[in-house]
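Q: Residue-level listing of the chains:
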Amino acid sequence: MYNEDQKIVFRFSPELDNAFLEELYGDDLQQAEMVFESSVQQLRNGQQLTDARFHDGDIPGLKKEIHKMKPVLGYMGMNKIMEEFEAFEQACIQFKSSAEAEDGFYHIKSLTLEAIKRGEKEINRLKQHNTQYL
Amino acid sequence: MKYQSIIVEDLQVAAEFLTRFCEKSGMIDVLHHFLNAEDAMEFLRDNVVDLIFLDVEMPGASGFELLDQLVYTPQVILTTSKTEYAYDAFQYNVTDYLKKPFTYQRFLESVQKVSKKTEQLNGGSEQDHMFIKADGKLIRLHNDDILFIESMGDYVKFITPVKKYITHNTIKNLETKVNPQVFMKVHRSYIVNFTKINDIQENVLFINGNMIPISKTHKSGVMQKINIL
Chain Y
1 MYNEDQKIVF RFSPELDNAF LEELYGDDLQ QAEMVFESSV QQLRNGQQLT DARFHDGDIP
61 GLKKEIHKMK PVLGYMGMNK IMEEFEAFEQ ACIQFKSSAE AEDGFYHIKS LTLEAIKRGE
121 KEINRLKQHN TQYL
Chain E
135 MKYQSIIVED LQVAAEFLTR FCEKSGMIDV LHHFLNAEDA MEFLRDNVVD LIFLDVEMPG
195 ASGFELLDQL VYTPQVILTT SKTEYAYDAF QYNVTDYLKK PFTYQRFLES VQKVSKKTEQ
255 LNGGSEQDHM FIKADGKLIR LHNDDILFIE SMGDYVKFIT PVKKYITHNT IKNLETKVNP
315 QVFMKVHRSY IVNFTKINDI QENVLFINGN MIPISKTHKS GVMQKINIL
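Chains Y and E are the protein sequences, given in the same order. Position one of the first sequence corresponds to residue 1 (this note's numbering), numbered consecutively onward. Position one of the second sequence corresponds to residue 135 (this note's numbering), numbered consecutively onward.
Fair warning: there could be bad hints in the mix.
Just the calculated beta-carbon pair ranges, DEER-fashion [stated by the list, open to error]: (1) E:K359 <-> Y:K121: 48 to 56 Å; (2) E:E253 <-> Y:K96: 45 to 53 Å; (3) E:D222 <-> Y:D103: 29 to 37 Å; (4) Y:D103 <-> E:K311: 55 to 63 Å.
Negatives, chain E to chain Y, calculated, CB over 12 Å [said to hold, decoys possible]: (5) H166; (6) K251; (7) K267; (8) A268; (9) D279; (10) Y289.
Here are the simulated lysine-lysine pairs, PhoX-like style, with alpha carbons at most 20 Å apart [to be verified]: (11) E:K136 <-> E:K311; (12) Y:K64 <-> Y:K109; (13) Y:K64 <-> E:K234; (14) E:K234 <-> E:K216; (15) E:K136 <-> E:K234; (16) E:K216 <-> Y:K80; (17) E:K311 <-> E:K291; (18) E:K247 <-> E:K158; (19) E:K233 <-> Y:K80; (20) E:K216 <-> Y:K64; (21) E:K247 <-> E:K306; (22) E:K233 <-> Y:K64; (23) E:K267 <-> E:K311; (24) E:K234 <-> Y:K80; (25) E:K136 <-> E:K359; (26) E:K306 <-> E:K353; (27) Y:K121 <-> Y:K109; (28) Y:K109 <-> Y:K80.
In case anyone wonders, no lab produced these hints; they're calculated from the structure. Glycine included, each C-beta is placed from N, C-alpha and C at the ideal position.
Let the sequences and hints guide you as you build the complete structure.
A: This is the structure we're talking about:
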């Protein structure tokens, strides 16, 4: 990926799935910036909602929110985290109470925070790249 | 042929991606994006589409519940983040199944499947006819029988050498349904069969003695399409 005029190459951070992201966004790094911003926002909202569902003991609701957050991670190339969300979503089918879901939930919560952090870092990198030659 | 589609998807970022891919392909018009199945059902009660991009798990009714309600069968591409729905997808005879997030390349493969299925439904060849509802029945008109189509407000008139058929439709809608190899819109009120044009004078063309205006917007398209020696 490069800026057409200046031939400045942009590489996504190594902790993200570069090959997939390059295929997904092509040279459209403006689009990538927009999607990352929107995705981080959705993760923040998702985090609040999963917190609420967990504390209400609403496991089906928690499962639904996890399901919705899962593809958002994919759009940011965080496939490993996405897989962990998928595993937790599956596990939620068996859980009958928040107590049973507790360990998994806190693990997912820390992964969400990590994903938001990585997403924010990438937004800054993309912004810097996209505005550098304006 | 350009497919008229709707997107039923509660995840905004996924819908934005899909809309962008549809635009990029140049093959699919997105008429609407719905965040839930109920609103889409409401729309589909009064509107006909060729293709639905459908999420399965949404707030309220699921994608499959929407399919249960449909009284006709547009093509369906399921867009979901779960692979467990493959069996249901097969049962509902959907055209394809896209696991989110998916790339443009994967999206194009789906669109090719839609084209292939359309071709099969049309008899395996380039669309050479159409059915219109007129005189209380469905009438099969071969492309070659149609001279031109004229707008009459909410109705259109199909002109053939022997008869005129009036049917409830619009030029705008027909523009995307007719075979572009044969038909072309030359004015907001006219679609003509290109093979039937006798002559063109300035901003007017003639077909079997009928004078049809060519609008400024469509003039260059018409001139590009005709074979001037």
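Q: If a hint holds in the structure, say so; if it does not, say that too.
A: So, going through the hints one by one against the coordinates:
1. E:K359 <-> Y:K121: 48 to 56 Å: Given about 52 Å between the Cβ atoms, the range holds.
2. E:E253 <-> Y:K96: 45 to 53 Å: Holds, since E253 (chain E) and K96 (chain Y) (Cβ atoms, about 51 Å apart) stay within the stated range.
3. E:D222 <-> Y:D103: 29 to 37 Å: The hinted range 29 to 37 Å holds for D222 (chain E) and D103 (chain Y), with Cβ atoms some 32 Å apart.
4. Y:D103 <-> E:K311: 55 to 63 Å: Check passed, 56 Å falls within 55 to 63 Å.
5. H166: Holds, because the least Cβ-Cβ distance between H166 (chain E) and chain Y comes to about 20 Å, which exceeds 12 Å.
6. K251: About 26 Å separates K251 (chain E) from the closest Cβ of chain Y, which puts it past 12 Å; holds.
7. K267: For K267 (chain E), whose nearest Cβ neighbour in chain Y is about 41 Å away, the distance exceeds 12 Å, so it holds.
8. A268: holds, 46 Å
9. D279: holds, 45 Å
10. Y289: Holds, because the least Cβ-Cβ distance between Y289 (chain E) and chain Y comes to about 42 Å, which exceeds 12 Å.
11. E:K136 <-> E:K311: The hint holds at about 7 Å.
12. Y:K64 <-> Y:K109: holds, 15 Å
13. Y:K64 <-> E:K234: Within the cut-off at roughly 16 Å; holds.
14. E:K234 <-> E:K216: holds, 8 Å
15. E:K136 <-> E:K234: violated, 24 Å
16. E:K216 <-> Y:K80: Holds, at about 15 Å.
17. E:K311 <-> E:K291: holds, 15 Å
18. E:K247 <-> E:K158: holds, 17 Å
19. E:K233 <-> Y:K80: holds, 16 Å
20. E:K216 <-> Y:K64: holds, 12 Å
21. E:K247 <-> E:K306: Violated - the C-alpha atoms of K306 (chain E) and K247 (chain E) are around 26 Å apart, more than 20 Å.
22. E:K233 <-> Y:K64: Measuring from Cα to Cα gives roughly 17 Å; hence the hint holds.
23. E:K267 <-> E:K311: holds, 15 Å
24. E:K234 <-> Y:K80: holds, 15 Å
25. E:K136 <-> E:K359: Roughly 19 Å between the alpha carbons, so the hint for K136 (chain E) and K359 (chain E) holds.
26. E:K306 <-> E:K353: Holds - the C-alpha atoms of K353 (chain E) and K306 (chain E) are around 18 Å apart, at most 20 Å.
27. Y:K121 <-> Y:K109: holds, 19 Å
28. Y:K109 <-> Y:K80: Roughly 15 Å between the alpha carbons, so the hint for K109 (chain Y) and K80 (chain Y) holds.
In summary, the numbered hints that this structure violates are 15 and 21.
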